[in-house]
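Turn these sequences into a full structure, and let the hints steer you where they fit.
Going down the list, the sequences are from chains A, B and C.
So the first sequence is numbered by our numbering: it starts at 1 and just counts up by one.
So the second sequence is numbered by our numbering: it starts at 1 and just counts up by one.
So the third sequence is numbered by our numbering: it starts at 1 and just counts up by one.
Derived from the structure by calculation, the hints contain no laboratory data.
Please note: incorrect hints may appear among the correct ones.
Just a sample of chain C residues kept apart from chain A, beta carbon distances all over 10 Å, derived [what the hints assert, rightly or not]:
1) TYR7
2) GLY31
3) GLN111
4) ALA158
5) LEU195
One-sided excerpt, in silico: chain C residues whose CB lies under 8 Å from chain B [what the hints assert, rightly or not]:
6) PRO55
7) LEU144
8) ILE203
9) GLY205
Positions of the beta carbon are idealized from the N, C-alpha and C atoms, including for glycine.
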Amino acid sequence: MSLHGLYLLAIVAEAMSGALMGMRRGMDLFGICLVGTVAALGGGTVRDVLLGHYPLGWIAHPEYLLLTAGAAALTAVAARRLHKLRMPFLVVDALGLVAFTVLGCDIAASQGLPTSIVLVSGLITGIFGGLLRDVLCNEIPLVLQRELYASVSLLCGALYLGLPLLGVGATATLAAAFVAGLALRLCALRFDWQLPRFGDETIRGFD
Amino acid sequence: MSLHGLYLLAIVAEAMSGALMGMRRGMDLFGICLVGTVAALGGGTVRDVLLGHYPLGWIAHPEYLLLTAGAAALTAVAARRLHKLRMPFLVVDALGLVAFTVLGCDIAASQGLPTSIVLVSGLITGIFGGLLRDVLCNEIPLVLQRELYASVSLLCGALYLGLPLLGVGATATLAAAFVAGLALRLCALRFDWQLPRFGDETIRGFD
Amino acid sequence: MSLHGLYLLAIVAEAMSGALMGMRRGMDLFGICLVGTVAALGGGTVRDVLLGHYPLGWIAHPEYLLLTAGAAALTAVAARRLHKLRMPFLVVDALGLVAFTVLGCDIAASQGLPTSIVLVSGLITGIFGGLLRDVLCNEIPLVLQRELYASVSLLCGALYLGLPLLGVGATATLAAAFVAGLALRLCALRFDWQLPRFGDETIRGFD
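Take a look at the structure:
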């Protein structure tokens, strides 16, 4: 399956996640479609605006908007029947995170930016959709709290940029990024792996 | 009355709405002016950044900032005497939503973008000011929840783009968009028309 | 000490403030680093996107990201030992606000923009980092509520632009902006100086 096909699957999965969160917050059909679309396309949009990379993906391909808004609306209508889709959803979401990361790295690399920014470009593409979704739903973004979402993106970006330097071919590199990303993400969910927190050590007066 | 005059009236109305929401959240005079300005000019700003359409309106016309910040400050000082202005406010707000939509469509069309993006450009111009206002005030955006605000914008955009294709002249098209937008918006407020919601059908585990 | 050295000190201070707020909200190590980085570099980023001024500062200088993420991570680890740093922090934060403002004014002036936009560019650089930090932490932005943060930025910008017109030299102008900004900010904190609020005069129905 091509990277582009995976990207389309991934924006559908993110639109579903946005739609379900909008529904929980009592949004109407328009709000559900907008939150779904922002969850799906927000990461790439933030990346392109920060890099000055115009036109944005969904402006060059308006059919993406139709796809994400349609997936969100369908999710709203069919939500009760989606229980069985949870495992496929989590797999597509994890694969999508890797696809977002890889595509984000590619765009920054095509602009000749330094490696650190290429990695950050993949990270922004991977996480800012979910981050904006949560801001619109008036929540502290999940991605800042748990689930190693950002760590998965950074690991995959590092593999995607690093393995070719070790002589690994393009296909094997992509495969390694996807396998590692999927494995880390599903383990993080299954075993509740977390990054450290420091809440009880906090002090006041620095804001 | 010209479209530009209506635009100026509309940004004053949106600045008032932002100021009153900032006041309710206990903001100080600066916060009130900033939230008013974001409510008034945020939609056009988001549109221009997404389209890569520089310079932004308020950078080319800094007097808009003075107008919106001044309207917000005046609202703060005179709020108690504004009760009688509620009906005129709602009419100007509805007309402003149509004016924002039409101007947003025009800017995307002038860049030669496809019809779907022209419609979305009008929608973004119409709703993102209020959306950013609510994010700054730590609320789930009203426009994602009720009042058909986005639907009014989409209807007006569709009329504005569609009627000329049916041979309707420019003036009649504008008039139709304004009459339809005003009627739908005021009916939505009066009769509490809503888009469907799906809150009780929601399920967990997809975020 | 050079303006650039002060800028580097200031982004470290802002990264600390973001990290401490992220810790209080229970964020994990990644969230803490991201909120710290957004607090430090968000103001300049918003300014550059609004002005269409590319490449962004941290894309041209990726080492800034390392500095802010590192400062945030160090803050998380060492937070309990930071109590004694509160006074130095507040002084660096105030000096940093002036440095942000002055650098923001310079960038808009270098684009030949009108004086009002130059002032607003300084203001945006000064306050939007803290504003985005608070949005990510699901708080009404502090800068919209108290502490004269925005007023300090506007005063310093006005001195920085106005004194040269009165024949004051560049060094004396900078010195005056820093002294006035530091004095106003520390007095505001010490004596709880506030801009007026209007909460009890608010009315409903205008949103």
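Do the hints match the structure? See the list:
no. : hint   : in the structure
1   : TYR7   : holds (19 Å)
2   : GLY31  : violated (3 Å)
3   : GLN111 : holds (15 Å)
4   : ALA158 : holds (25 Å)
5   : LEU195 : holds (18 Å)
6   : PRO55  : violated (15 Å)
7   : LEU144 : holds (3 Å)
8   : ILE203 : holds (6 Å)
9   : GLY205 : holds (5 Å)
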